[in-house]
Each structure stands twice: as C-alpha cells, then as structure tokens.
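Q: What follows is the residue order along each chain.
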Amino acid sequence: MNAAKYHGHHVWRRFRRQQLWRQLKANKTAFVSTIVLLSLGILALLTPWISPFDPTNMQQQNIMDAELPPFWQQGHDHRFLLGTDGLGRDLLSSILYGLKNSLWIGFWAVLLQFTLGTSLGLCAGYFGGWAERLIMSLADLQLTFSSLMLAILTLAITRAAMGAHDYHMWSPWLLVLVLGLADWPQYARTLRASVLAEKHKDYIAAAHVLGYRSKHIMVFHILPNTLSPLLVIATLQIAHVILAEAALSFLDIGMPYANPSLGGLMGAGFEYMFSGIWWIALLPGLALLTLLLSINLVADWLRDALDPKNLGHRP
Amino acid sequence: MTSPLLQVTDLHVNFISRWPNEPNIDVLRGVCFELYRGERVALVGESGAGKSLLATSIIQLFDSSARIRQGQVTFEGKQLTQLKPKQLRQIRGRRIGMVFQDPMTNLNPSLTLEQQLLECILSHRSISRAEARLVALHKLRQVHIPAPEARLQQYPHQLSAGQRQRATIAMALALEPTLIIADEPTSALDVTMQAEVMSLLTHLCHNNGVALLLITHDLSLVAHASDRCLIMYAGKIVEQGPTSVLINDAQHPYTQGLIKALPQMSSPGQPLFQIPGQMPVAQELGNHCAFATRCEFAHDKCWQQTPTMPTGNGHRASCHLLTAAPARAER
Amino acid sequence: MIYLPQITRRILTGSITIVLAACVSYWVLSLITPSHTATLSLGQYLNNLLHADFGRSQFYNLPNLHVILEKLPATFELVIITSLIVALFALPLGLYSAIAPRQKLARGIMAFSLLGISLPVFLTGSLMVYLFAVELNWLPAFGRGDLVWFGSWSSGLFTVSGWQHMVMPATALSLTLLPLFLRLIRAELIQVMHSNPVRLAQAMGIAPWRIWLRYGLRNATLPMITMASLQFGTLMAYTLVVETLFQWPGVGSLFMQGIIRGDGTLIAAYLVLVSIMFLLFNSLTDLAYGLFNPHLAPGPQQTQKTQQHPL
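Protein chains in written order, with my numbering: chain A, 1 to 315; chain B, 1 to 331; chain C, 1 to 311.
Misleading hints may appear alongside valid ones.
[Unchecked claim] Taking lysine-lysine and the DSBU-like style, the derived pairs with C-alpha atoms no more than 30 Å apart in a straight line are:
id	chain 1	residue 1	chain 2	residue 2
1	B	K84	C	K104
2	A	K199	A	K215
3	B	K86	C	K104
4	C	K104	A	K28
5	B	K301	B	K260
6	A	K201	A	K215
[As the list claims (entries may be wrong)] Distance ranges between label pairs, derived from CB positions:
id	chain 1	residue 1	chain 2	residue 2	range
7	B	Q82	C	A207	19 to 25 Å
8	C	I16	A	H208	36 to 42 Å
9	A	N62	C	N61	43 to 49 Å
10	B	G286	A	W104	57 to 63 Å
11	A	N62	C	G143	34 to 40 Å
12	B	Q270	A	W130	52 to 58 Å
13	A	L45	C	A207	56 to 62 Å
14	A	S214	B	Q270	45 to 51 Å
Because the hints were derived from the structure by calculation, they are not lab data.
Keep in mind that this is a model prediction, so the values were computed, not measured.
Built from N, CA and C at the ideal position, the CB exists for glycine as well.
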C-alpha cells in the first residue's frame with residue numbers, strides 16, 4: 001500500500017508545489033492577497049485572546065454605551081476603536097468574532113461539500129451505470145435551483161417551523177449542513193468528467209492488471225491526477241459559502257444575533273444608517289469585502305497556476 | 001531571369017517567451033528561397049521543422065507570440081514586412097490565398113457556405129451581392145462541387161470532408177490570387193480524396209497561372225504535384241532544387257534519408273528505413289549543423305560550424321560534405 | 001422537427017419536478033401550520049393545485065395565487081430592467097476588453113469585475129442607500145414609487161418616481177451579474193480569435209471589425225445563454241435579498257414576510273410557483289440554445305460549464 005502512495009505523481013506534486021511558491025512570489029497581486037488572507041486567518045484564530053471584548057458575553061454589554069462612533073469621529077469612546085452597535089457591543093470585537101465565524105463556517109461547509117462531492121463524483125465516474133445516472137440527475141436538479149436559493153428556502157422554512165428562538169440555537173450547525181449539502185454538485189460534475197477522461201488511460205489499465213482493488217485505484221491513482229480543478233473550486237467555494245452565510249444572516253435566517261456574523265451586523269445596522277449611524281452596517285461590510293476579495297484573488301491565481309497548460313514551463 | 005513573385009530573404013522568426021528571464025529562441029533561422037510566377041513549389045519537412053510557421057510568416061498571420069525578428073519577405077515587389085496592417089490585409093485573400101489543413105475546423109460551423117464565400121469576396125471587391133454570388137457559384141463549379149446552388153445554402157457539417165476541402169480551395173481561389181499557400185491540404189483526408197484534391201489544386205493552379213506553395217510532410221506527394229522542392233529541417237532550408245533532380249539525386253543526407261524511408265523505395269520483405277533520432281528542439285540548436293546528431297556522415301567540421309546554402313539557382317544543399325571532398329558525398 | 005425529443009424529455013422531467021415540489025410544499029405546510037394539514041390530505045392538496053387552487057393566505061385572508069400574482073409585476077420588472085442593464089454594459093465593455101486587453105481602460109474593467117465578484121449585493125445596496133438616500137438625498141430608499149395600472153398589472157416604468165425608485169435596486173442587482181458576463185464575454189471572444197475559422201478569415205483579408213462581429217459575438221452567444229441559465233437561480237436569490245433591503249414589494253419580500261409571520265399556506269404556494277418559474281425559464285433557455293445552434297446540439301443543461309467563474 002505504501003509503495004502506491006509514493007507513486008511518481010506524488011513526487012511530481014511536491015515539485016509542483018516548489019514551483020508554485022516561486023510563481024506566487026512573482027505575481028504581486030496574488031502575493032499580497034495571500035498575505036492578507038493569512039493575516040485575516042491568524043486574526044480569526046487568535047480572536048478569543050486578542051479581541052478587546054467578548055460580544056457573546058451579555059455581561060460586558062452596557063446599553064449606555066450604544067451607538068458610539070469610531071475613533072476618527074467626534075463623540076467616540078477610546079475603549080471602542082470602531083464604535084459600538086445598537087446594544088452597546090464593541091464593533092471591533094464583533095467584527096473579529098464575525099470573521100472567525102465566517103471562516104469557521106466556510107471551512108466546515110466546504111469540507112463537507114468537498115468530501116461529499118468528491119466521493120459521489122468518483123463513484124459516478126468510475127462505476128458508471130445507474131449510479132452515475134442517479135448521481136448526475138440529482139446534481140443537475142440541484143444545480144438548476146442554485147445553492148443560495150436552496151439554502152434560503154431551506155433555512156427560512158426551518159426557521160418558520162422551529163420558531164426564531166430554537167432556530168438560532170441550532171443555526172451555526174444548520175448553516176454548515178445546508179451550505180455543505182447545497183454545493184456538492186460542482187465537485188461531482190468536474191470530477192466525473194476528469195475521471196471519465198482518466199479511466200481509459202493506460203496507467204489505470206496497468207493498475208487493473210496488477211490486481212488493485214477499485215477503491216484503491218480510485219483514491220490513489222485517479223484522484224491525485226484530478227485534484228487540481230477541485231482545489232480551485234474548493235477555494236472559490238470558501239468565498240461563496242462565506243458570502244452565502246453573510247446573506248443569510250443579513251436576512252435574519254443565519255447566525256443568531258448573539259453570536260455575531262458580518263452579515264448579521266450589516267442586517268441589524270441597516271436601519272441605523274438613516275440616523276447617520278453608518279458604522280454598524282458599513283464597517284463589517286468592509287471587513288467582509290476584504291475577506292472575500294482576498295480569497296477570490298488567491299483562487300484566481302491558483303487556477304492559473306494549476307492550469308495544465310502552464311505546467312512544464314519553468315521560470 | 002524574371003524577378004521572383006515571392007522572395008524570402010534571411011527570415012528569422014522567434015517566439016516571445018512567457019518568462020522574462022528566458023531568451024527568445026529563433027524557430028526559423030535564416031530561411032531563404034524564391035518562388036516564380038505560375039511555379040509549383042513544395043516545402044517538405046517533418047513536424048516541428050517550421051513549415052507552417054514559415055507559411056504564416058509570409059502573410060504575418062501569427063496567432064501566438066511569434067514575430068519576425070529579422071529578414072524580408074518580398075511579394076510582387078512589395079516588402080510585406082514593412083507594410084501596415086491595413087495594406088497587408090488587402091494582400092491577404094486577394095493576392096495570396098491560403099488553404100489550411102483541416103477543413104472541418106477552418107470553416108465557420110455556424111455560417112453557410114454562401115455567407116462565408118460572399119463575405120470573402122465582398123471584403124475585397126465592391127460588386128453587388130448578386131454578382132458576388134455568381135462568382136461564388138463559378139468557383140464552386142471550378143472545384144467540381146456538384147449542385148453548387150444547393151451547396152451554397154448548406155452548413156459545413158452537411159458536406160463531406162472532400163467537399164469541404166474543395167470549398168476551402170474555392171474560397172482561396174475566389175479572388176484570383178497570384179499565389180496560393182496550401183498548408184498540408186490533404187493530411188486530413190483519406191487516400192482517394194487526397195489524390196483528387198491534389199490533382200484539382202495543381203490543375204487549377206496550372207490553368208489559371210497561379211503559383212502554388214505546397215507545404216507537406218509527405219515526400220511521395222511532391223513528385224507529381226510540384227516543379228521545385230524545398231527541404232526544411234530545424235528551421236532552415238537544407239536543400240532545394242527541381243523536384244525530379246532532387247528526388248533522383250539528393251545531396252543532403254537528410255533528404256537522402258527521407259527518400260530511403262519511403263516505403264516504395266525499400267525492397268519487399270526488408271525492414272523500413274528510419275532516420276535514427278529526433279529533430280532537435282529550438283533550444284538545443286547552436287553553432288553547428290542541426291542534423292549532425294542524426295547524420296551518419298557527420299565529422300568534426302559539422303559540429304563546429306553551421307553549414308551555409310550556396311548561392312545560385314538550380315539544385316543546391318547546405319552541407320559541409322559538399323564543400324569538402326565531393327567524393328565523400330556519393331555513397 | 002428535431003426539437004421534439006428534447007422538449008418531451010423536458011416536459012417529462014419538468015412535470016416530475018413540479019409534482020415533487022408540490023409534495024415537498026405539502027410537507028412544509030405540515031411543519032409550519034400542522035392544523036391545516038390535519039384536515040387536508042396530500043391527494044386533496046395536489047388535486048387543488050391542479051385546479052389552480054393554491055390555498056388561502058392566513059395573513060392576507062385572500063387566495064394565495066391572487067396575493068402572489070399581485071406582487072409578481074414588481075419582481076418581474078426589477079429582473080427585466082436588471083437584465084437590460086447587464087446586457088447593455090456587458091457586451092460593449094466585454095468586447096472592448098477583448099479587443100484591446102492591454103489598454104488602461106480594459107485593465108480597469110477587468111479589475112472592476114474582479115472586485116464586483118467579491119462585492120456582496122447587500123453591501124452594494126447598503127452603500128448606495130447610505131450615499132444616495134441618506135447623505136445626498138438624491139434617490140428614495142424604499143418601495144416602488146407611483147405606479148400605473150394596466151388591468152391587474154402594476155407598472156413602475158411609466159412614472160418618474162417609479163424610475164427613481166428602480167435605479168438603486170436594479171443597479172445593485174446588475175452589479176452581481178455584470179462582472180460574470182464581462183469575464184465570460186471577454187474569455188469567449190479571446191478564445192474565438194485564436195480559433196481556426198478566424199485564422200482563415202484573417203488569411204482571407206477580412207477586416208478585423210467584421211471578424212469580431214461575425215465570428216466573435218456570434219460564437220459568444222451560446223455560452224452567454226448557458227451562463228444565463230446557470231445564474232438564474234442565483235439571480236432569484238439575490239433579488240430576494242434586494243427586495244428585502246429596499247423594501248421592494250415583490251414576491252421575494254412577500255416570501256420573507258410570510259416566513260416571519262408563519263403564513264404556512266403562502267410559503268407552500270410560493271414553493272410550488274417558484275419551481276414552475278424555474279422550469280419555465282430552463283425550457284426557454286433550452287429553446288434559445290437550440291435556435292442559436294445550427295447543430296441542434298444538446299441544451300445548456302447537458303453542456304453546463306462546471307466552473308461558475310469564467311476566466
């Protein structure tokens with residue numbers, strides 16, 4: 001089994017990663033975006049320790065501190081760098097926690113999508129027959145309705161059925177589940193197409209002749225060679241899921257108000273804009289934009305770097 | 001001697017590298033030849049030798065990052081390399097026609113034959129649509145396409161492969177150019193259609209006095225289809241001369257190898273001859289003969305100096321063996 | 001007629017999908033207002049649907065079909081105007097950035113499209129509301145404005161106030177689609193320009209602008225139709241968000257209000273109607289695809305591009 005793991009293409013992949021690093025340094029936009037993204041990730045991870053306040057802790061909130069502006073405007077409080085929201089929660093802390101939550105949900109939902117979509121796509125492509133037809137029809141159906149629409153419908157109905165309070169107790173896990181289940185078809189379709197192409201190549205025939213089991217061939221022989229487009233999709237999907245979660249929270253069918261989310265903050269802060277209190281809605285929006293932009297830029301660069309047409313050139 | 005219709009002098013074409021630190025390597029390394037009115041010239045070489053690139057360089061139809069680094073292309077007395085794009089466009093199609101290899105991918109699948117032919121004709125001539133249609137019909141008849149009126153309304157995928165290729169020949173001839181460049185026109189066809197299309201092409205060129213530059217990798221094709229032959233290897237022309245002379249008395253070892261490799265030349269039951277090795281890629285070339293790695297006659301001088309093509313007309317080849325002891329070349 | 005097998009297949013899968021959607025909506029109804037489904041069986045519910053009886057809204061105390069159809073013109077007009085804006089800007093800008101990719105303007109367009117993909121629609125909406133409604137007070141932030149009635153169809157396109165109210169929501173929505181179509185058109189055009197038919201046309205000396213129009217745009221139409229059919233669902237989702245944000249009285253905000261009020265029958269009726277809408281739209285794009293493709297190749301669903309983002 002180990003011999004198969006150290007098959008030639010693994011060594012090749014290691015070489016590719018070396019080349020990726022050099023390519024990354026060459027492309028300024030991608031480099032900056034990666035740095036930004038990593039910084040945001042580190043900030044998110046360290047949030048419980050570096051955040052000035054804990055927005056989930058109701059004891060720390062004082063309604064008298066509500067609606068204070070950020071530090072560059074008159075009337076600010078030095079404790080709250082970016083101001084406070086309608087309940088007196090520090091906006092900077094809320095944004096940090098919101099980032100953390102977005103990335104957390106993004107990570108788990110994409111992991112779920114990836115696992116599900118990859119397994120189903122592998123099976124569909126490798127085994128063919130009724131399995132393929134069933135999986136692909138299901139994928140087609142889901143793709144027709146678009147993942148965001150399905151997520152909105154499902155979660156909205158769940159909220160209506162459970163009632164607001166119960167719903168918000170379960171919503172983080174529900175979000176991961178629904179967003180994870182909503183977007184697996186993309187992986188499945190791409191992978192199935194790649195598997196169909198690889199299935200007929202000689203090295204797979206050789207593996208059959210050597211007597212390897214199907215599952216082994218699928219995972220260790222076919223999958224590594226079809227991984228690149230899937231990685232690009234996964235990266236893009238992180239942005240997509242984060243955006244979806246923000247939209248859902250904005251509509252009040254996502255994260256609960258107590259556990260801050262960037263979209264939720266924007267949704268709650270919308271009305272305050274009409275009184276001139278713009279920071280509750282727009283500052284989290286800026287943070288969200290930065291996060292999404294950096295992920296999309298990195299994904300764009302990754303797609304170009306992993307493009308098979310570009311491999312084989314050395315810098 | 002009359003002046004040539006097309007004259008290519010010391011043409012160097014390279015590709016601009018993706019990577020900033022990599023030098024731009026020449027793919028065509030000093031190509032020189034002439035072509036006279038009404039002549040049929042074959043350009044022979046294996047894949048990668050640069051024949052298609054040479055063809056597209058003449059009309060400067062580069063689709064990637066290729067460009068002419070050095071050299072001149074003179075057509076009908078005009079320097080094509082100096083022309084502005086608009087002037088170049090007037091020559092393309094009107095004075096120089098082109099026939100490409102695969103008619104299926106070259107004809108626009110979403111346009112009818114009529115639309116494509118008429119667009120081509122009306123771009124260069126200010127005649128009425130009805131007149132252009134008559135011209136198109138005439139050309140389709142010339143290439144022996146049956147029921148041309150019906151064919152005009154059809155899409156490319158509704159015609160057979162042979163008819164499609166003949167339609168592209170009709171398009172190339174539509175404006176009555178003085179030169180047609182045919183880039184492997186029969187490679188995508190089966191053997192029976194090959195013979196038909198080749199004879200059609202050469203026949204039309206002969207009748208209308210149109211010069212033909214035929215690009216092919218198939219040496220057996222050139223014997224009947226060309227008056228003169230240019231052998232290309234690794235971006236240079238290594239031998240040129242009248243076809244019959246060249247085939248019967250090849251001077252360059254590469255040409256000799258190509259001829260020996262033809263199945264007709266070997267005796268039955270004997271293994272087919274193969275030139276050992278592969279043509280070097282552009283990066284591997286330097287100040288030596290490009291064929292030296294595969295040549296059985298290679299000696300020291302071949303590795304030290306690039307051989308040059310002797311000047312003059314008639315049969316000539318660029319090989320050190322010819323400039324050195326002539327006796328050695330006859331083996 | 002070679003269209004037929006495709007259409008019958010579509011009708012078959014369509015009917016099955018609608019029946020499935022109806023069953024799901026019945027189940028949803030039983031979750032939200034169980035009292036309703038206690039007296040109504042699945043069979044009766046499906047039978048009612050066949051007779052165009054979508055139930056009665058608890059909140060409005062009117063037939064659901066009536067309620068939804070009343071709000072439909074708002075959503076419809078919003079979507080149409082958005083599509084027009086996208087078409088109006090994506091084609092010329094995409095064409096330009098493909099023809100002259102190294103010009104500053106073209107680079108700017110591509111940078112903008114990259115930004116646009118990352119801009120959430122509710123951020124754009126909020127920014128616009130703050131800038132144009134609160135700070136500058138140029139445009140209204142809520143509602144549709146003054147309407148003109150044509151029978152039962154209410155239109156906001158015939159009054160100044162109607163257009164004033166339409167500007168921000170439509171622009172915000174179009175900014176979600178514009179970058180995608182821009183990139184798609186640009187990528188397709190660049191690809192076409194390297195294709196063999198274009199090479200032949202260039203060899204024939206045909207003028208560049210003709211080649212761009214004839215070969216470029218023509219060949220870009222099919223991928224655009226594919227993209228449109230892929231993005232329809234996402235557009236519906238974003239329309240819902242925009243309607244909520246701008247308090248635009250369309251079917252999207254109707255649904256969200258129904259959720260908050262727990263109006264079970266309305267939610268169920270909405271689900272069925274949305275499924276029908278999706279199916280109709282997909283059939284339309286299939287037909288359009290067949291029209292533009294002389295090979296009568298399979299429709300966009302079978303040749304879906306799996307990557308949502310083009311180059």
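Q: Could you run down the list of hints and mark each one as holding or not?
A: Going through the hints against the structure:
| no. | hint | result |
| --- | --- | --- |
| 1 | K84/B with K104/C | holds, 24 Å |
| 2 | K199/A with K215/A | holds, 13 Å |
| 3 | K86/B with K104/C | holds, 24 Å |
| 4 | K104/C with K28/A | holds, 18 Å |
| 5 | K301/B with K260/B | holds, 25 Å |
| 6 | K201/A with K215/A | holds, 17 Å |
| 7 | Q82/B with A207/C: 19 to 25 Å | holds, 21 Å |
| 8 | I16/C with H208/A: 36 to 42 Å | holds, 38 Å |
| 9 | N62/A with N61/C: 43 to 49 Å | holds, 44 Å |
| 10 | G286/B with W104/A: 57 to 63 Å | holds, 59 Å |
| 11 | N62/A with G143/C: 34 to 40 Å | holds, 37 Å |
| 12 | Q270/B with W130/A: 52 to 58 Å | holds, 55 Å |
| 13 | L45/A with A207/C: 56 to 62 Å | holds, 59 Å |
| 14 | S214/A with Q270/B: 45 to 51 Å | holds, 48 Å |
The structure meets every hint from the earlier list without exception.
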